[in-house]
Amino acid sequence: MSLEFAIELIKSTLPRECVLTDATATAPFETDGLTAYRQRPPVVTLPRDTNEVRQILRICHETGVPVVTRGAGTGLSGGALPLKNGVLLVLTKMNRILEIDEVGCTATVQPGVTNLSISQAVEDKGLYYAPDPSSQIACSIGGNVAENAGGVHCLKYGLTLHNVLGLKVQTIEGDELELGGNGYESSGVELTPLFVGSEGMLGVVTEITVKLLPTPPSKEVLLGAFNDVESAGECVAAIIARGVVPAGLEMMDALAIQAAEDFVHAGYPRDAATILLCEVDGTSEQVRSEATLIRQLMEAHGAVNIRSASEPAERDLLWQGRKAAFPAVGRISPDYYCMDGTIPRRHLGKILSAISTLATKHELRVANVFHAGDGNLHPLILYDASDDEQLHRAERLGVEILELCVEVGGTVTGEHGVGVEKLDPMCSQFSTPELEQFFRLKEVFDASGLMNPGKAIPTLAHCSEIKGMHVHGGKLPFPELDRF
Amino acid sequence: MRLIDSVNHAVAHKKQLSIMGHGSKTYYARSTEGDALQSADHVGVIEYQPEELVISVRAGTSLRDIEETLDQHNQMLACDPPQFLGRGTIGGAVAAGLCGPGRPWYGNLRDAVLGVEIVNGLGERLRFGGSVMKNVAGFDVSRLMVGSLGVFGLILSVNLRVHPKPETECTIALDMDWNDAWQVLGRTIAKPSAVTATCYLSGTLFLRLSGNRVSVKAACASFPGAKEMENDLWVQLRDHKHPFFLEREELRRTWLARGRQVQISADEPSLIEWAGAQVWAHGTGGTSPTIDESDCSEPFDRSRVSPNEETKYVKRLRRAFDPALLFNSDIRL
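If you read the sequences in order, they're chains A and B. Per my numbering, residue 1 is the first one in the first sequence, and the count goes up by one each step. Per my numbering, residue 1001 is the first one in the second sequence, and the count goes up by one each step.
Bear in mind the hints are in silico, worked out from the structure with no lab data behind them. This one's a predicted model, so the numbers in the text were calculated from it and none came from an experiment. One or more of the hints may lead you astray.
Here are the simulated SDA-like pairs of lysine to any residue, each with C-alpha atoms no more than 25 Å apart in a straight line [said to hold, decoys possible]:
id : chain 1 : residue 1 : chain 2 : residue 2
1  : A       : LYS156    : B       : PRO1166
2  : B       : LYS1015   : B       : SER1329
3  : A       : LYS323    : A       : CYS338
4  : A       : LYS350    : B       : ILE1046
5  : B       : LYS1312   : A       : SER187
What the simulated footprint calls covered on chain B by chain A, stretch by stretch (three residues with Cβ under 8 Å from a Cβ of chain A suffice, anywhere in the stretch; the number is not a length) [what the hints assert, rightly or not]:
id : region
6  : 1039 to 1052
7  : 1101 to 1115
8  : 1140 to 1154
9  : 1158 to 1165
10 : 1184 to 1190
11 : 1252 to 1262
12 : 1320 to 1333
Where is the CB? At the ideal position from N, CA and C, for every residue including glycine.
So here's chain A without its partners, still in its complex pose (with noise of 0.2 Å):
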């Protein structure tokens, strides 16, 4: 009855086009980027400013409706899956650069507004913002704060944490925060990390204030071809080992080589175990010497085939395989699923023969793309998603993938979020009591668990399901928990 009367106060506050409950209309919202999960919404909110946004929160918890707060729906782990008894929150109407400074480099923006136009409003003052998810076209910068959205460029310009300058973030109980600002610091506690990559689960952010930086006057793509992937991760350890921080580091193996080569004509070489594709960017003169010495410990390590672009279209050229690699995958499987695990870097070569091995046991293709600066692997396992059957290996293997990521110190997302998608490995990443810090956190913020609940952090009753019911000497684990 709730949700009912929720329905008509908001549609009692907010203008009729900004409020859709009819199926057609709510039917686009009904998934994100991971659309092996559907639901769809009773009602779908657009709000167009701030106040409305606090309206809406004011409703939900007024009512006790729980509340999923969407940007663009490009997000890879279901983050923003609506529920079927909940609102969806939809920022894309929010959609307006607010401030630029060119002499701070500052851009206080609203959440709706694309990661790429940021930078393509501030291209002519020579600045731009660093974060690159590969959905930047389409993702919304809001979604990139809840989800700290990585790239290919983080190694050296960090994550969307390390870009955020200042946040508002409107909670449920009505309460507006200011935190950080447009300086480099300010007096008490920071709460800005706690809320980047918090997943929707603490507040509404309804403005950012984020960093931008110098366009670097010069670039440099090199890729070079390994015989096998060992001597390219050797590779990868001894041009950091010689104090290059490259701005980015990709490697991709054969299936992934072959898959991009085939759709995009990059001229990579189809018969290579892996290649590296690394790009420097700086002044000339230290792009100038960081591609020679890159050049030198390819040769060094046995590449055979080295290629390098300074001019820009030579450039895109070389990363448009690696850009396009996921839709590459796409052409030669019905279906594919994207995994997210990080590593430290030296465990690359035990990893990708452990993940072979796994594919051939459940009787599946996988192909790797790797953020080889960083350690975050993207494996692609191949299947056909109208075989049910073949889903459930497919979930199986992508869940083996990340507990051997945790096994050698790695982490079960790098860039994706947990969302609804991982809520099995976080089981095996952190310990009751930690699981239990992580929700004392939450109710700091959101006592009553209206925001986006039963995503990121899996419930203890969850852990003890998946962990399966191993009972001890007739007691079962977490006895005070109701199951069903």
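Model the placement of chain B on the given structure of chain A, informed by the hints.
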């Protein structure tokens, strides 16, 4: 393990604890309530893989030892936390969250922290984050610890991102008035440059240029008439050993929004870092340097900051980690 035992004892008996490392930053913040919990003996590098650009250390490890360890592999911390009196532990540096003159270019410890292990007020050992650069599993508790002044719990160990040392560094001094200096400083942020630290003091602008030999040489050449100085200026500034900082009693700092130029007066000397965004001055405040409402200005000694009521969320946050408020209970965030 003794530290854990002390915490568990305090938790069991609801006894308050004041966490202490080297005590190097007591003139910034200190807790005096409860039994002293000494973390300075909890030392050592747990793991260091230079090619991963990550080091994992116990909280009591001195910053100087970490520097020496990294230096053997031509690496450094990716930020410049102060070592007042030549001392300071990494745990203390994380808890205080202070940074030296390289802040706008190297970031702060918050940017460099990848993971922590802490003991909360329930006596639970908890690990957050990890030892990899990209990690979005769970709330980012490790970075919340930076600047938390120990109120969320005892830090046991920290995993930090490290950075290759620049091939070379040089320091130059340019005599110019503040308005001209401001123009130069603006370019260090808005244009690609080799500058990694700045200081303006009494009519002279000091710049640190870092990078490979060719780019530093090219950068130096772009400042004709500059005098070359010793590089230890930056350590003196970072550690408050520079003569400007000898008078500590009334030391104030002011943070300005990026891009806002502070107005300075000749008779009230100030030292300006961070491309103009941090201003140090002596005096009880208000007039020196000229500030406006948007700037945050406060005594460096936090016990002199007029106590603000903590917001309800900060209060709840403390209780979420430490329900009985055992850790550094007299510190206000």
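Checklist entry - What are the numbers of the hints the structure violates, in ascending order? => result Per hint list: zero violations.
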